[in-house]
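Trainee: Given next are the chains, with one letter for each unit.
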Amino acid sequence: MSIVSVRGLTRDYVQGSIVVRAVRGVDLDIKDGEFTAIIGPSGSGKTTTLNCIGGLDSPTSGTVSVDGTDLGSLSAGALSDLRLARIGFVFQSYNLIPVLTAYENAEFVLRLQGVAAKERRRRVMQTLENVGLKGMEDRRPSELSGGQQQRVAVARAIAGRPALVLADEPTANLDSTTSDSLIALMRDLNDNHGVTFVFSTHDERVIRAAKRVVRMVDGEIESDITK
Amino acid sequence: MLLSLAIRNLRRNVRRTLLTVTAIALGLAMMVFVTSMQKGTYGSMIKSGVASTTGHVVVEQATYVDNPQATEGVSGAQAIADALGAAIPDATIAQRSLVDGLLSSANGAVGVQLRGVQPSVEPLVDTLPDKLVSGEWLQDDDSRGVILGELLAESLDVDIGDRVVYQGNHNGEDYSELLRVRGTFKTGSADIDGFMGVVPLQTAQKLVGMSDFANQVTVHLPDVAGTEAATIAARTALGTLPEGVVVLPWQESMPNIVASIEADRAGGVLMMVFLGLIVAMGIVNTVLMSVMERVREFGVLMAIGVRNRRIAAMVLLEAGVLGLLAALLGLVGGLLLAAPFIVNGLDMAALAGGSMEMEGVVLDSIIFFSIDTPRLIVLAIVTVVVTVSAALYPAWTVIKLKPLEALNSV
Amino acid sequence: MRFLASIAWRNLWRQKRRSLITAGGMAVGMTLCMALIALMDGMFADMFRVMVEQQLGHVQVHNPEYPGKRVMYDTIEDASAVVASLDALDGTVAVAPRAFGAALLGGEAGSTGVQLQGIEPERESALSSLSERLVHGTWLANEPDHGIVLGYRLAEKLHVDVGDSLVAVTQATDGSMGNEIYDVVGLIQTGAAQLDRTGALIHLADLQELLLLGDQVHEITLLGADDSREGIAALATDIQARTPDALVQTWWQTSPPTDQMLSLRDSVSFLVLGAAFLVAAFGVFNTMMMSVLERTRELGVLRAIGLRPGRLIAMVLFESIFLGVIATAMGLVLGGLADAWMVVYGIDLSGYMESGFAYNGVVLEPIFYGHVRPGGILLTVAAVFITSVVAALLPAWRASRLEPVVALRHD
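If you read the sequences in order, they're chains A, B and C. Numbered per my numbering, the first sequence spans residues 1 to 227. Numbered per my numbering, the second sequence spans residues 1 to 410. Numbered per my numbering, the third sequence spans residues 1 to 411.
This is chain A alone, in the form it adopts within the complex (with noise of 0.2 Å):
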């Protein structure tokens, strides 16, 4: 079954007196198990697209479901506790909570879940240990490199046991060794764990490790080529 369906997605920006159509009728659906790249040029439309399957944007016309319940249809906080329930987010500019100790980034989800405290500390180093951070819980952001920072960002989606993981251009702020062996933790993740990810991404490291990749072009999908 479908974890995500989209249907006729369509969304556009006002931009001054001109507005700009961003996705033209998209049709997606994204099952179980998954590890898509969505592709294509700047501008053609798959972080709108990402950030309406998030819930984070909402569609001009078309619809987006999540587990069966169509996004439209909830309001501002039960949008965020679907996000908090079933999705995760890496963005490419990390955007931990600086504050916040790598531990208790991860563990922040969780906390909010009301996940009993005992049972949190497990999953948080557990997680933390497969996203190969063992020993560094307690360094804060600012004493982590990108690469450890990306890291910390993909142990927080993952720790709250999402149904779906959304990552922006997860690799766009690494090099390129960084980027590897972070695609290959994601790889893994979903290989052994059973983590879905959808991308955006323009890595070609990333598309190679994808078993989907939807390219985009001008706000529409141009193709749709399972590996």
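It is possible that some hints are incorrect.
[To be verified] Coverage of chain B stretches by chain C, computed from C-beta distances (three or more under 8 Å per stretch; other residues unrestricted):
{"#": "1", "stretch": "73 to 86"}
{"#": "2", "stretch": "89 to 102"}
{"#": "3", "stretch": "105 to 119"}
{"#": "4", "stretch": "162 to 169"}
{"#": "5", "stretch": "272 to 286"}
{"#": "6", "stretch": "319 to 326"}
[Stated by the list, open to error] Lysine-lysine pairs mimicking DSBU-like chemistry, simulated, CA-CA at most 30 Å apart:
{"#": "7", "chain 1": "B", "residue 1": "Lys-131", "chain 2": "B", "residue 2": "Lys-206"}
{"#": "8", "chain 1": "B", "residue 1": "Lys-186", "chain 2": "B", "residue 2": "Lys-206"}
{"#": "9", "chain 1": "B", "residue 1": "Lys-186", "chain 2": "C", "residue 2": "Lys-16"}
{"#": "10", "chain 1": "A", "residue 1": "Lys-118", "chain 2": "A", "residue 2": "Lys-134"}
{"#": "11", "chain 1": "B", "residue 1": "Lys-47", "chain 2": "B", "residue 2": "Lys-186"}
{"#": "12", "chain 1": "A", "residue 1": "Lys-211", "chain 2": "A", "residue 2": "Lys-31"}
{"#": "13", "chain 1": "B", "residue 1": "Lys-402", "chain 2": "A", "residue 2": "Lys-31"}
{"#": "14", "chain 1": "B", "residue 1": "Lys-402", "chain 2": "C", "residue 2": "Lys-69"}
{"#": "15", "chain 1": "B", "residue 1": "Lys-131", "chain 2": "B", "residue 2": "Lys-186"}
{"#": "16", "chain 1": "A", "residue 1": "Lys-227", "chain 2": "A", "residue 2": "Lys-31"}
{"#": "17", "chain 1": "A", "residue 1": "Lys-227", "chain 2": "A", "residue 2": "Lys-211"}
{"#": "18", "chain 1": "B", "residue 1": "Lys-131", "chain 2": "B", "residue 2": "Lys-47"}
{"#": "19", "chain 1": "B", "residue 1": "Lys-131", "chain 2": "C", "residue 2": "Lys-16"}
{"#": "20", "chain 1": "C", "residue 1": "Lys-69", "chain 2": "B", "residue 2": "Lys-400"}
{"#": "21", "chain 1": "A", "residue 1": "Lys-134", "chain 2": "A", "residue 2": "Lys-211"}
[To be verified] One-sided excerpt, in silico: chain C residues whose CB lies under 8 Å from chain B:
{"#": "22", "residue": "Arg-70"}
{"#": "23", "residue": "Ala-103"}
{"#": "24", "residue": "Val-114"}
{"#": "25", "residue": "Gly-283"}
Read the hints as simulated data drawn from the structure, not as lab findings. Glycine included, every Cβ here is placed at the ideal spot set by N, Cα and C.
With chain A fixed as given, assemble chains B and C onto it according to the hints.
Mentor: Just chains B and C now, kept in the frame of chain A:
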């Protein structure tokens, strides 16, 4: 979790936090200082008023408060005083009268008010006997003695041992009496030093043609806190009183002083409101700035599923912690500022260039500040409330944030 | 410089909300100060009216022995001639002779000691505002007719009203006891506690007759055309030349306590300003510091392209001064409204006290009215600008100390 996050956010920009806390604390410290001064001044006003006029509890004619007449008072004053003394053992009971008249010497005449007091009792309850600048205090059996204000003695051009003549008319009868100057006093108030004399009570009785009579029988307690109990005790002990005679606590017998305290307190509240407003504007700004800086961070929180309301709650919590810190610092700072004046007092006379006189009561020139605990608690609470209220607007801007816009903001 | 000022102005509007709130903080401070100063000036104006306009006049002439002791024998002799000569003096607006004496004033209900004040009604109303303080009845007639005007509290005490008669008993200058009957024609409420409680005005000639004073008075009070201190002092010198044997004093010499009380006004104003703006200064400092810190990079660019540190300081100070300008504009509007309220409606404390309240001999009415002085407003505006500059000094210095390279690297 929110709380620890809030505290860490405050520690993130230590300088800004300290500045804001200091600004709020400064406002509070000023209010603490002013409040301590007010409490001290009120205490002094009440103390001086109680000591020199009505005592903590007074037995007098109900009409005497508004219209003091020399012939209106309590007959059988001694019996009443004895009964009061028995009923309230730790109190000092005084009998007092005020008699108007004309005092003349060979050099002229002045319209005066003579205060009739019991010479041996008065030094126990009032400071006037300590303010003699020449001569000696009255003796109980000295029915001719009079103590004059220094300026009054100058106007009459009389010295110790000189004679002055009292003339008065009460209930249609003329009275006149020869008195001898035993001493002069100086309070610093021109109205009192220029127009007031002191005579033994029995002389005052003679000047209005009565015996065993006083305008007021006053009860002086060791502590003002005992007023209510003493009033009840006095009423019980005296039982049925002659018609028109009442037992009043000082709050009712000195309505003008109480009113001026109330009015001054209201002024203090007004000052507090304005200072609070200035402080609040500063807080709005700091909190707003710290919110604006973190919009992107809030976007992330929203993306990972934190409701806007919880983020706003965190902002308010930050303000709350700020307010608590400031309240603590302000209270300590204000009390430290006030401490020297609590211990050594503030010489108001030196500041104002002379003694302060209110409604005929000369205030102690040195005002000892006093800690008004209930007021301080209110002030501390107000500080936290104002701080949190000032954060409402910034918090509201957080509520209205859209996750995507927040994420994309610089 | 103009260019710097223009950059500063634009910078201010980049963070519109922040600038307005900061200026608002100062504006509230201004409002507070203007309102409080107006209120205090109102109280001081009352004191001035009670002490100077009603009693002291500008210059007073006495027998050198009279002030302080006020013994009735220490008089100015040939008063009519002296008054006439002072009338002729340039720069005098009003000249009023007065005599004083104590008496026992009695009616049917009782008697009390009073201060009789003998005045020439016409001259007195030209000089002092006493005649405007009538609350009941009429002013004394120009010709002596045994009329008497009483302080309203004295009348209450004696249970008399306009139309009643009173007997005054006193000791005359020859030592004999004199007495006379007077008819109450009016009651005054002056705000001077002593005058309201024990004051009784009669015609000068009536008092001279009662005390057997002849053509002697105790005091001649004058009002000059020029009411500045310099003018009054000059008038006093002229008067002294005409009355070499008399003691001629300006009102602040006659009554140093009144002078001291009035000079308290400025100290209290400074205290209020200091308190309010110390708190407001923190807001300004905060804003300017933020504004400098968040533009570290930008300021680095300015330094890199060759702006000298001193000019950077100037730019930041300009910004803060403009903040002061905005605050002043807002504050003048808000404070003006507050002042207007104080002048028109006042602060009504009659809920707390029914009647007035005597403070250092001056009865303050239960409704406090404000009095607006340009000086008070100027003082407040000055405080705003001083605060703006002082609070921005550290941020400005900080901006000037940025190393261009470090600043440019700043994220």
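Trainee: Hint by hint, work out which the structure violates, then give me just those numbers in ascending order.
Mentor: Of the numbered hints, 1, 6, 9, 14, 19 and 20 do not hold.
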